[in-house]
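Chains as they are written, first to last, in this note's numbering: chain A, 1 to 512; chain B, 1 to 328.
Mixed in with the good hints, there may be bad ones.
[Stated by the list, open to error] 30 Å max Cα-Cα, derived DSSO-like pairs, lysine-lysine:
{"id": "1", "chain 1": "A", "residue 1": "K141", "chain 2": "B", "residue 2": "K235"}
{"id": "2", "chain 1": "B", "residue 1": "K311", "chain 2": "B", "residue 2": "K105"}
{"id": "3", "chain 1": "A", "residue 1": "K141", "chain 2": "B", "residue 2": "K150"}
{"id": "4", "chain 1": "A", "residue 1": "K141", "chain 2": "B", "residue 2": "K311"}
{"id": "5", "chain 1": "B", "residue 1": "K105", "chain 2": "A", "residue 2": "K141"}
Read the hints as simulated data drawn from the structure, not as lab findings.
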Amino acid sequence: MENIGLLIDGFGHILSWNHILLMVVGVTLGILVGVLPGLGAPNGVSLLLPLTFSMDPISAIILLSCMYWGALFGGSTTSILFNIPGEPSSVATTFDGYPMAKAGHASRALTLAFVSAGLGALAGVVMITLLSGWVANFALKFSSPEYFAVYFLAFASFISMGAQSPFKTLVSMMLGFALASVGMDTISGNLRLTFDIPELIKGVSFLIAVMGLFGIGELLLTTEEGLRFEGIKARVRLSEIGRTLIEIPRYWLTIARSTIIGIWMGITPAGPTAASFMSYGVARRSARDNSMFGKGDPRGIVAPETADHSAGTSALLPMLALGVPGSATAAVMMGGLMIWGLTPGPMLFTDRPDFVWGLIASMYLGNVVAVFLVIATVPLYASILRVPFSIIGPIIVAVIFSGAYQVANSVSDIFMVIGFGLLGYVFKKLDYPLAPLVLAMVLGDKAEDAFRQSMLMSGGSLNIFWSNGLVSALMAVALALLLSPLAFLLIGSVRKRKNEVVAPGGDGSPAG
Amino acid sequence: MKKSVSIAAVVAAAVGLAAPASAFEPNRPVEFVVTAGPGGGTDIFARTIQAIIGKYELMKAPVVVTNKGSAGGAEGFVYTAGYKGDPCKLAFGTNNAYLLPVRAKVPYKSEDLTPVASLASDEFVLWVNGKADYATAADFVAKAKEGGLKIGGSQSKDADQILTSMINDAIGAKISYIPFKSGGEAAVQLAGEHLDANVNNPSENLGQWQAGMIKPLCVFKSAKFASDAKVAGDKAWSDIPTCKEAGIPIENYAMPRTVWLPAGVEHDVVQFYADVLRKVSETPEWEKYLADSSQSPGFVTGDELKAVIEKDGATVGEVLKREGWLAN
């Protein structure tokens, strides 16, 4: 309970009009960079970093971390409205968010996303407040085999997601792995799959792929269907926001589960992207009736958003406690700490409690400010959908292309976006799922690195994945998740056969 | 006293620059290409220089910093090398600028870049877990000879692995090397007792040292650190013995922080940036940056720099050759 006292001191440090104003500025800028695809939180924060050199560390971190929160919120906006994820971590939100907006419920989808995101973030901060010391020690237990087990778990929880043929899922996933391996390999230090093309040595950016596959691909389909967004039908109703707010408590189970997944993935730095995918996969699998998933199920928005934000928030804890960044944005902020004359690491909690607890207090306040600000923007965003497609379509294309250029200031990326757009269109037409490709691109090279590091550590023995309680438990859960659809299938067919034997007269009772 | 003199010198220099003394002066924004991701050592190096240039107005043209850190920095060097003769592109890196083309098939050669200056050198320290039972480097060497030890570091066939190979060669051991994406990851893995040692730069491990999670055994430097301020408990950087006296016969191993122009630029362009960077290296802000990150000062340019690069390239090239890591 000592932490609560420190937290109250922290609030004492940050409660001033000056700091609240910085929060509003930070969140607003963050929403802006989050909404523009390609710019993203890490770039936004590094652009702002030089401005903070002359500030005192507490004001500086408030500004930067609030920008981070804002960007996380902004990223989901374009996923829902245009099927273009502004941030890698909001890809999973497109799966149900975009169909819901398309069906005319943009306000509902946005409100669901923002509120669950806010709840996830607050849960993350509460965890940091109560468990900071314990979590830091726990994170130290993670080495390469444990990381691999976590990534494996993420893949396993996602594997049986699509309704499509498992072979199509496999093709899509393998393509994702291939794309993830382009560029320099961490373990051998050699270039792979670059075909002596200088533009390929930096690898294929995940953001480029997503903007093409989802954004351009969707635009091509819309054009084919007759140049209109079905969202035009959407009327902006303030009452819809209110009704959605009342609806939220119904998803408490999804929210609780996603929070746990998010916090877990945040402190074992697997990151918000993995968290949102995994949470979506688990929500879909555990839903009694999952027929609406992919067509605008509210749980399909709540789950990834909650996990995304609780992971994003928890990712700051390893940075503070161990001096290792849990996300790209955290890495930039850590650079900031050094410039402000602080050493990130375990001693920060004892040397500068005013800074650490000021930051934690600002997470509470900053997220509340962010939720209010983004909900206030819902009517504005939702009304964008009423602009005729012939006007908004070209604007989206322009935004995507400029975003693609901004990712790495590289012209070749624009052509790559077009290529991915065509691929996305073909995938949609042939009914191949995109999600496995995206997941494999995000986690593929990390999983590969972790696996090969483990093999170097063990001298080539697979036993390292069963060498201690933690990694064994993770692997066991992952294998259970991986094999459970197969097991259900077997049980189902056995039961069916039994029913056929027991009830040849046929009382018509369905099996399972 | 000394400090105020150097400030005066800088102000005088800045005033002097306002007059059209130099033949070349960039007339459009200058791009600082950081050959590392945001937040890393090279990133802070470039952004500190950007901030100092801005503060003392050492250059009229604005500076834009971009991060091109993929493929171990090759992305940024290929990008810079592609602007042959362009006086407004500067690449910021380490010794990777001239080592990458030797050890990997990257689409540029070291002749495609013109060295401008080296502003500092980052040191390497041998770190072990705080609970490890060896108190000195000699104990570590004895354990290493028994076999089975693991050193983790940043990237593959890069500075950390090259140093590991040099240690193995010097003491006749077979320590294995596990590559990670960054020195920060290697630091946490060591604190969690998943590795036996790492050879991180001082700034990468300071936080964990202060908390007693890890401890330094020796520094790969011909003389001890100069700074005797107590940074971790009652220990100062100057308390760390040199590896040579502690039992690992490696004289000096450091990573220069370097700045490059594309090939084919005029001599006065190189001269202009070298002058700007020299002025940067004489500011109190630069002194503070070096002290905060425990790097050694040392401004080198011109023929002296070429000699340093050649010498470093030869030493490291030998290791690459021995390990069979040469790309061509």
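Here's how the hints hold up against the structure:
For the hint linking K141 (chain A) to K235 (chain B), the alpha-carbon distance of about 27 Å falls within 30 Å, and the restraint holds. Between K311 (chain B) and K105 (chain B), the direct Cα distance comes to roughly 22 Å. Compliance with the 30 Å bound is thereby established for this hinted pair. For the hint linking K141 (chain A) to K150 (chain B), the alpha-carbon distance of about 17 Å falls within 30 Å, and the restraint holds. For a cut-off of 30 Å, the pair hint linking K141 (chain A) to K311 (chain B) is broken: about 42 Å separates their Cα positions.
Annotation: proposed proximity of K105 (chain B) to K141 (chain A) is violated, straight-line Cα distance about 37 Å (limit 30 Å).
Of the numbered hints stated above, those contradicted by the structure are hints 4 and 5, listed in ascending order.
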